[in-house]
Amino acid sequence: MQRGKGMKFVGDSRIKQGPTASRIPKDYSEYPGRTEPFWPNFLLTEWLAGAVFLIGFLILTLAHPSPLGGLADPTNAAFIPLPDWYFLFLYELLKYEFASGDYILLGMLGIPGLAFGALLLAPFLDNGPGRRPHQRPIAVGMMLLALVSVVWLTYSSAAQVDWEGRAEMDKPVPPSDVEVVVDTDHPGYAVYEANCMACHGAELEGTAAPALVGPDFDFTAEEIADISVNGIGTMPPNAFTGTDEELEQLVDFILTVNESIE
Amino acid sequence: MSEEKKQQVTRRQFLNYTLMGVGGFMAAGLLISPVRMAIDPILKSTDEGGLVNVGVSVDDITNEPQRIDWKVEQVDGWYESEVDRSAWVYKNENDEIVALSPTCTHLGCVVSWEGNESYPNQFFCPCHNGRFEKDGTNVPGTPPLEPLHTYELEVRDGMLFLGDAKPQGEA
Amino acid sequence: MLQKIYDWIDERIDLQPIWRDIADHEVPEHVNPAHHFSAFVYCFGGLTFFVVVIQILSGMFLTMYYVPDIENAWRSVYYLQTEVAHAQIVRGMHHWGASVVIVMLLLHTLRVFFQGAYKKPRELNWMVGVLLFFVMLGLGFTGYLLPWDNKAYFATQVGLEMAEQVPFIGEQLKVLLAGDASIVGAQTLTRFFAIHVFFLPAALFVLLAVHFILIRRQGISGPL
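Note that the protein sequences, when read in sequence, are chains X, G and S.
With the numbering used here applied, the first sequence corresponds to residues 1 to 262, in that order.
With the numbering used here applied, the second sequence corresponds to residues 263 to 433, in that order.
With the numbering used here applied, the third sequence corresponds to residues 434 to 657, in that order.
Just so you know, the hints here were simulated from the structure itself, not pulled from any lab data.
Glycine included, each C-beta is placed from N, C-alpha and C at the ideal position.
Sample of chain S residues with no beta-carbon within 10 Å of chain G, all distances over it, derived:
(1) K552
(2) A627
(3) F632
(4) I648
A few chain S residues that face chain G, going by a derived Cβ cut-off under 8 Å, partial list only:
(5) I487
(6) L490
(7) S491
(8) N505
(9) R508
(10) S509
(11) A520
Using the sequences and the accompanying hints, generate a full structural model.
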């Protein structure tokens with residue numbers, strides 16, 4: 001059986017194709033240099049590399065448990081969508097003026113389509129005989145340019161993100177089937193409504209600020225009173241303005257709601 | 263076979279064994295966690311369901327078996343639900359309460375007390391005509407091979423509490 | 434015993450040529466890191482395949498617990514993360530493997546590119562490789578949604594809106610992926626699950642087979 005016309009199935013570019021085209025690929029023992037049988041010699045080298053790689057990989061998985069965010073909540077307006085890291089460069093590209101608005105198609109399909117299309121068809125675009133990088137400066141240059149821009153886009157996208165804040169906002173809390181009972185007749189409710197509800201939500205579920213109910217909320221009465229007046233983290237001081245009696249009612253209200261879900 | 267060739271065979275064999283060793287190491291590293299995860303349900307200690315108030319006063323229990331139904335909270339992995347349970351309850355001649363599982367020990371159909379008019383004073387299974395005596399013993403010559411299971415039971419404040427059904431003799 | 438079983442099979446289906454095709458060939462010096470350490474760049478392809486194997490294995494085991502349903506998907510993931518022994522490691526393997534495989538794929542692609550190894554006669558194999566890259570990105574995109582947490586949900590919504598912008602067929606494409614014209618919900622999740630677990634892996638296997646067969650037929654490219 002003859003191979004396709006003029007095709008060379010030679011593994012090593014230093015070897016000239018002989019006059020008789022055999023169906024069995026050339027044995028590398030005919031090539032210059034030291035060769036090794038694939039089985040078992042070379043495979044052993046490969047597997048040793050694989051074993052080292054596996055150890056590193058398992059250490060990674062043990063050191064960094066896979067993250068799980070909170071249950072998807074389509075009404076959560078505060079959440080900023082972000083793709084997985086290897087799509088970040090595409091995501092970032094759309095922020096540029098020439099890739100958004102009227103030019104959205106260019107940013108979404110034009111540029112990535114051109115880049116990936118060129119990648120797919122690289123052997124036909126770069127069809128010269130030379131294989132060394134300096135023999136094909138255009139192809140290599142384009143690739144380097146693409147690489148640098150992808151790295152830059154990914155970096156500039158990731159650098160703006162407050163990763164810890166995101167993780168903090170999106171904790172995996174199992175949805176409790178127990179309804180939060182908010183007693184609107186409680187004297188502290190009016191105080192809560194006036195001082196806290198804007199950020200902590202009508203059912204203490206947390207909107208702009210963290211929730212005041214649930215497993216992550218474990219403060220004592222004194223701590224709640226202190227935080228209300230002096231603030232904590234990004235919560236400014238003097239969020240609560242009122243009398244000491246009102247403060248007491250507020251703390252009691254928050255604790256009462258927390259007791260209702262236990 | 264020349265001396266040289268013999269040596270090569272041993273070297274090749276050695277490499278083969280090393281290869282198997284490294285391969286085994288990789289397979290173990292890859293599979294140990296997934297397999298442990300897969301067999302987790304086997305190794306997990308089945309937590310005893312605890313005893314549940316079935317809402318029947320001890321005074322209401324007579325010598326005649328009566329069917330009682332109650333619900334238990336069941337946690338099935340991530341899915342929590344209420345499932346129905348039922349039992350045949352009566353007082354035996356020693357005035358002890360007996361709670362029999364209605365599940366036929368043959369193939370799991372539901373038996374009922376005097377479920378067939380031809381067999382008074384017996385539990386009857388309609389699927390394959392299995393029969394049990396009042397104390398749950400299977401009638402020889404009918405399909406079931408062991409007595410009806412009994413529920414763990416306890417009386418608190420005059421109310422009947424039932425747990426899990428166990429084979430007779432174990433409970 | 435083993436030898437007897439082997440002989441029994443060999444007598445009937447002649448294993449020798451199969452064995453030859455798979456394992457019995459010489460490996461040239463220039464790809465062997467034992468000779469030139471710089472040849473480690475030739476490991477990237479093999480390591481990519483290794484991570485693919487990790488992905489397939491861990492994915493198979495994860496489906497023992499996972500349900501593609503909006504009510505239960507997140508709960509089942511949360512359950513396996515918190516209640517099942519070693520499940521966090523298995524999910525970690527799948528999660529990190531998804532990233533590592535992209536990195537390895539990129540390195541492998543760059544090695545082939547900068548060595549010009551895609552030139553004649555290996556154009557076909559290069560294109561199969563780029564298609565494999567696309568399949569991998571598709572697997573990443575569809576797999577991201579499955580835990581049904583906030584970042585999954587919103588990222589998918591953005592992805593679907595992008596699909597909608599495609600001229601002429603955008604809307605149909607979006608509905609095809611999401612299962613509904615306006616809702617990203619139950620039908621989206623089952624579709625993404627099917628694509629992630631059946632359609633794309635099937636494409637992956639076919640392409641991988643072609644990739645490997647072509648390598649064996651054409652041999653590895655020579656040194657520069």
